[in-house]
Structure formats: C-alpha cells, structure tokens
Amino acid sequence: MKAVVTVIGHDQVGIVAKVSQKLAELKVNITDISQTLMHGDFTMMLMGEWDDSAVNFETVKEGLESLGKETGLDIHIQRQELFDAIQKL
Amino acid sequence: METKQILDTIQMISEEKLDIRTITMGISLFDCIDSDGDKARQKIYDKLTTSAKDLVKVADQIESEYGIPIVNKRISVTPISMIAAACHDDNYVAYAKTMEKAAEVLGVDLIGGFSALVQKGYQTGDKKLIASIPQALSETKRVCGSVNVGSTRAGINMDAVKQMGRVVKDLAAIDPVSCMSLVVFANAVEDNPFMAGAFHGVGEADKVINVGISGPGVVKRALEKVKGESIDIVSETIKKTAFKVTRMGQFVGNVAAKALNVPFGIVDLSLAPTPSQGDSVAEILEEIGLQSVGAPGTTAALALLNDAVKKGGVMACEHVGGLSGAFIPVSEDSGMIKAVEHGNLNLEKLEAMTAVCSVGLDMIAVPGDTPAETISGMIADEAAIGVINNKTTAVRVIPATGKKVGEQIDFGGIFGYAPVMPVNTNSPAQFVNRGGRIPAPIHSFKN
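Those protein sequence lines, which keep their order, are chains A and B. If you count the first sequence from 1, position 85 lands on 901 in the numbering used here, and the numbers rise without skipping. If you count the second sequence from 1, position 169 lands on 183 in the numbering used here, and the numbers rise without skipping.
The set of hints was computed from the structure by calculation and includes no laboratory data. Incorrect hints may have been included.
[To be verified] Here are the simulated SDA-like pairs of lysine to any residue, each with C-alpha atoms no more than 20 Å apart in a straight line: (1) B:241 / B:134; (2) B:253 / A:899; (3) A:818 / A:871; (4) A:818 / B:19; (5) B:18 / A:868; (6) B:272 / A:868; (7) B:71 / A:895; (8) B:254 / B:244; (9) B:18 / A:856; (10) A:885 / B:81; (11) A:834 / A:869; (12) B:254 / A:900; (13) A:877 / B:310; (14) B:363 / B:310; (15) A:904 / B:19; (16) A:877 / B:385; (17) B:18 / B:363; (18) B:18 / A:834; (19) A:838 / A:899; (20) B:71 / A:875; (21) B:272 / A:834; (22) B:324 / A:903; (23) B:418 / B:328; (24) B:221 / B:44; (25) B:67 / B:19; (26) A:904 / B:74; (27) B:134 / B:445.
All chains should be built: construct the whole structure from the sequences, respecting the hints.
Written out as structure tokens, the structure reads:
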C-alpha cells in the first residue's frame, strides 16, 4: 500500500522525528519526503509504503491521527492513487 | 513526489469543498414483478438489501482511505409504475414503504424510482402510481418520485401536466417539505444519479454504479485567479477545473464499482451546490462578473459555465451521463437564496436560465395559495423548453402551504431553505384544462 501523508501546523522542534518515529512503529517505510513553510505553517509531505496484509490502512490512519492530536498538528493520510487520478492524464 | 499537485488536491478537498455528492447504485426490479403485491414487495426488499448491502460500507471506506467526502449514498430503481402494474393493488403506497424500509436498513440516504413515464400516455400502473404519490412521499422520508410528462420524441402530455399540478398541491397540503422528493420531468434520463429524479432506466444493466460530483467552490476559486481576463480565459479555466473534478468522480466510481462487483455506469458532470458558503453556482456567476445572479447577462454567463463544465468533463471520464451541467436550485445554493431575498432574481429569470443549464425550476418555494393550474402552467413551460431544445428540464416547486411571499420554508441539511417567491397571478386554467397532447416538435423526426 502506498499513501501520501501530509503534516500541517505550527513549526516546532521535533516534528519530523515524531512523525517518522510513529511511521517506523507502524512499519511504514518512507520512500520520499519534502518539507516547506507555507503561509507561516510547517508543511511536510511524505510518501509511505507498507505491507497492508500485516498492518491495515485504518491502523496507520488512527496511529497518525492520534499523533496529530498529541502534537496539535493536522496530519492526513490518503492513498496515493487519488493524486495520480486527479492530476495526471 | 509532485508536492504542488498534492497540495493542490488537498486544498481542493479541504478548503474548496470538492466532494462526491453521491454514489448511486441503480438496481433493476424487473425480476421482482409478481401478480401478488405482497410477494412482489418481498422480492423487491430482498433484492435491494442483498444488491446494495455493501454500498454504504464501501463508500465509507473510500472516504476514509482517499480522504474524499462522499456526501450521499443512494439507490435508484426501475420505475415502480412498471413493476407494480402486474399486481392488483389499488394503490402503490406499500411499494414506497418497502423502498423506505430497505433504504433504512441499508443506511442509504435516498432511494429514487417511485416514478412513472407518461410522456405519450398512461398505462394502468402509471395512473395508480401518480395517484399514490401524495400519500407515498408524505409517509416516507427517503423515497423520491418523478414523473416524465414530455419528451422531444413524444411531445408533451398535457393531461399529465394538468394532473401533476394537482398532485404537487395535494402533496403540499399534507406536508410541503415532502415536495422536495418529487420532480416533474421532460426528457428524463435513465442514468441520473441525482435526486429526486433518479430512476433506473429500462435499458440499463441489472445493477450499475453512477457517480454525481460536486465542486462549485473549486471552480469559483480557480476563477478568482483570472480576474479581469477575457471570457476565453474564463472558459479555459472552467474546463481545466471541471477536468480535475470529473477525474475524481471517475476514480471514485471505478473504485466503488470494483469493490461492489457491479459495472460502472457514468459520471454525472453536474456542479451540484450546497447551502454552505463557497459551494455555490450563483457565486461562480458573480465571480464571472455579475453584480448579482439575476442581472442581465446571467443567462449568457450560465450558458458559458454549463458548456465549459461539459467540455472539461467529457475528456476526464469514460462515460458521461445523467444530467451533466450546472444545477441552479434555489434552496440548495446560498448565492441563489441571497439573490432572491434581495429581489435580484425572479421566477421568470430562473426560467430563462433553465434553457441553458441542466434541469430546471428546482427547489423553488411558491406561495401556498398558488393554484394547481398555475403550477401546471409552470410545468408546461419548463417541459416546452426541454422538448423544443432537446434537453432535460424539470420542475421541483414547493407550494409553501400557509405561507406568503417573503416568508421561508426550511428543508434541513444540504437541502437548505427557500424564500417564498412571487408567481404571476394571471390564470392559465383554460389552457391547462384543455388536456390532450402537444405534438412532438418538427425537429424530432430525424429518421
């Protein structure tokens, strides 16, 4: 399973560490990562890949959402095919 | 990683309210026909609850995994007038209740197909179905009905036009809010996923998934970036945006159809507004340059919008169908409501607008004392626009029983509220009461 994780929120120490640690716990491999400051907000996008027969989508989603609540960040995960379908011919 | 495209997509969904308005499963009921009404209804209930048992689950899963809101899950069925005709029941209210019960158990929002097609004449089932409409729609919450009274090939059945004015009034007398579940069509389409007019056409497969998209907010936001540019740029911008919106519909439809093991039918390209701010077709027209929707130029701007949406959408999906255009319901569009409340938009202008967009006089509240013949006159006018221009038109008016111009009627949720609009008080009664059929237009003879 491939999915895009977006993290948006106030810049703070350790965002990348916290998100990547959570993903490691969930057995999600990060295949690409990018970050920027947009309108003063920290914005990070990363592409994750994992074996969904071992860890299902819901588990990863819930894990990231609970991290989002703890850290006050807006964390979303969406399956990658959506972006290709909308943006590519 | 295409970060700009990812952010662009996320912004379309979270800020510009891009969503899938509906995933509608069309289900044929021809194999449920029985001369015993009870048996027929049991077969209908069983077929609906098995065919669509995973519809809501699959839609919720798509919503969760892809992050796309799917506002409604719906079912459309073969027009009940055809299915019930073989039974000896005097009225078909029990069929509506069966549909309601199945929809409730399945958790779907609406179920359409309490319908009859009488553009050229009535059959036994049609008569009973139409007579059952007021009771059937007022005693159910999720059931939607429609009656097709005209087509370009058949002309306009003026007996049906006359009767439907009466039926709308009778329904309003019981419960005006129920009138939002009833549409009177000309040139009704068989694969429309939108309510209240959805039914599963006789030429369709046994089961099919159709998708209706939304996304006026996305179009408006895109147009905000081309302020002052020529109309050519406006048209191009709408096309490009419609393309992206439709791609999402195509994608979601494919995923849903595969998961449900049902063929994927069509994407309906309509821009369906909701009452929330920023999700309005009226605001798009105002962004194109009108001080308010209803100003001179509104029809032209709407024609441009409607055409550009189709051109952009057609290439984005395998099969386009349904109504496909811009919807201009009053109650479901905050910009339309505002224009009516400020006296900037009247019924006559709305009628003109329906000549160039999909559907017709939609979700319009009229005074409670509007005579049935006047409503028939409105239906006849809309049907004429559809029949002559070879397009679908519809009337979904709500006589707000006990209310006058300036008051309002509330439908709740995505259906919004409608200010009661003034109607021309000159009577069309003699015209309507003539009955008969307006012949098919000369350009219908294409063979």
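What are the numbers of the hints the structure violates, in ascending order?
-> Violated: hints 1, 5, 11, 13, 16, 17, 18, 19, 21, 23, 25 and 26.
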